Amino acid sequence: MHELAVTESVLDIACKHAQKAQATKVTDIYLVIGRLSSIVDDSIEFYWNIISKDTICEEAQLHFNRVPAKLVCQECAHEYILEGDLTACQNCQSVNIRVLSGDEFHLESIEIQR
Amino acid sequence: MTQNRIKIVENILNANDHLANENRRRLSQHDIFSINLMASPGSGKTSFILATIKALIADAYQIGVIEGDTAPVTIDSDKINAAGMPAVQINTGGECHLDAVMVENALNQLPLDALDLVIVENVGNLICPAAWQLGTHSNILIASVPEGDDKPYKYPNIYRGLDVLIINKIDLLPYIDFDMDYFRRGVEILNPGLRSFPVSCTTGEGIDDWFHWLKAKLS
Ligand SMILES: Nc1nc2c(ncn2[C@@H]2O[C@H](COP(=O)(O)OP(=O)(O)OP(=O)(O)O)[C@@H](O)[C@H]2O)c(=O)[nH]1
Ligand SMILES: [Mg+2]
Ligand SMILES: [Zn+2]
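Residue numbers (the working numbering), protein chains in the order written: chain C, 1 to 114; chain Y, 1001 to 1219.
Read the hints as simulated data drawn from the structure, not as lab findings. Computed from a predicted model, the values in this text were never measured in an experiment. Treat the hints with care, since some could be wrong.
What the hints assert, rightly or not - Pair ranges (Cβ atoms, derived):
#	chain 1	residue 1	chain 2	residue 2	range
1	C	R98	Y	A1071	32 to 42 angstroms
2	Y	R1025	C	N65	29 to 39 angstroms
3	C	K16	Y	H1137	25 to 35 angstroms
4	Y	N1014	C	E58	17 to 27 angstroms
5	C	L100	Y	D1078	28 to 38 angstroms
6	C	E79	Y	E1022	34 to 44 angstroms
7	Y	M1001	C	E79	37 to 47 angstroms
8	C	H63	Y	G1204	47 to 57 angstroms
9	C	C92	Y	M1001	36 to 46 angstroms
10	Y	V1009	C	S38	46 to 56 angstroms
11	C	Q74	Y	R1195	15 to 25 angstroms
By construction, the Cβ of each residue, glycine as well, lies at the ideal position given by its N, Cα and C atoms.
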C-alpha cells in the first residue's frame, strides 16, 4: 500500500522522541501492527534503510509485533482468529460479528543510547 | 554510555490524524458538511458527484469539489467546473491516496465562506485511502455492480470505517452475476447496520433517497 509514507511517519516519531530523550543513537524500534492493516513488513524495512540514513535512527533495528485479528460473535459469543478470508461466525454462521483486535498500528517503544 | 528503553505508544499516523482534526474543525466553522468519497477506479465517483450537484443545484446549494488523481490530469475537475461548481485538482504524484496535508492545501484554494458542501473524490483505490483520515465529516464508499459481489471480503478495511455505502450501477444488475445477499452479508459483518443507497447514476434510480439523506445533513 503506502509503505513509504508509513515509514516516514515512523522515522518522524522515533526521531522526535529520541531527541526529547537526548539520545545519541536509536538502536531498536518496536512496532505493533494488527493483522487487519495491509502493511508489508519487507517494504517498510526496504524504505527504512534508505530514509533513516544520516539520522539518529540510522541502522536501528525494526521489530514488528503482529497482533492477530480476533473476532467475537455477538450471537453466540464464540471467539475466533481470522486466518485467511473474512467469514461469518464459524460456530453459528451469524454475521453479527465484532472485531476485538487486529487494528493496532502504533510505535510502541524505542531503545536508545545516550 | 547507557542503553534505555523509552515507551512511546504513538499511533503511526498520528500527525495525519491530528491535521485531519484541524481540517474538520475548519470545515465545521464554515458550516460546511464534507464527504470523503472512496472507490475503485471507474466505479462512478465523478458521475455520482455530478448527479449530486444536479440534484442540489435547484436549491441553490454551493458545492466545492476536491479531485485527487495520481497524475497531473484535470479531466474530472473540468467536469465539475462545467457543472458550475468550484473544483481543485490535486495531483498526488503517484501516491495511492490523499492525506490530510493535501486536503488542507486544497481547502486553501476553495471559497469556503460560500460553500455548503465539500466533496473530496479520493484516488481510485480500495486499500490505502482507508488508513488516511482527511478530516471530512463522512466517509462514503461507492461499490459498483461490475466490480463483483466479493469486494467486502477482499477489502475489509475500507468497509469498516464507513458512514455510508453507495451501491452504484444497479442498472447493470440484470446483466451481471452479482449476488446482492452475499455482498450485503459481507458488509454486515464488517459494518453492522451501515446505511446504504443502491443507485444508478445513469438512470437516476435511487438518487432521490440519497439526496434526502444528504439534504438532512446540510440543513
Ligand atoms: N451503466 C452505468 N454506468 C455508469 C454508472 N455510473 C457511472 N457509469 C460509467 O462508469 C464509467 C466511469 O465513471 P466515472 O464517474 O468516471 O468513475 P470514477 O470513479 O470517477 O473514475 P476514476 O476517477 O477514473 O477513478 C463512465 O463510463 C460512466 O459513464 C451507472 O450507474 N451505470
Ligand atoms: Mg473520477
Ligand atoms: Zn456465533
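Against the structure, the hints come out as follows:
| no. | hint | in the structure |
| --- | --- | --- |
| 1 | R98/C / A1071/Y: 32 to 42 angstroms | holds (40 angstroms) |
| 2 | R1025/Y / N65/C: 29 to 39 angstroms | holds (34 angstroms) |
| 3 | K16/C / H1137/Y: 25 to 35 angstroms | holds (30 angstroms) |
| 4 | N1014/Y / E58/C: 17 to 27 angstroms | holds (23 angstroms) |
| 5 | L100/C / D1078/Y: 28 to 38 angstroms | violated (47 angstroms) |
| 6 | E79/C / E1022/Y: 34 to 44 angstroms | holds (38 angstroms) |
| 7 | M1001/Y / E79/C: 37 to 47 angstroms | holds (46 angstroms) |
| 8 | H63/C / G1204/Y: 47 to 57 angstroms | holds (54 angstroms) |
| 9 | C92/C / M1001/Y: 36 to 46 angstroms | violated (58 angstroms) |
| 10 | V1009/Y / S38/C: 46 to 56 angstroms | violated (22 angstroms) |
| 11 | Q74/C / R1195/Y: 15 to 25 angstroms | holds (19 angstroms) |
In summary, the numbered hints that this structure violates are 5, 9, 10.
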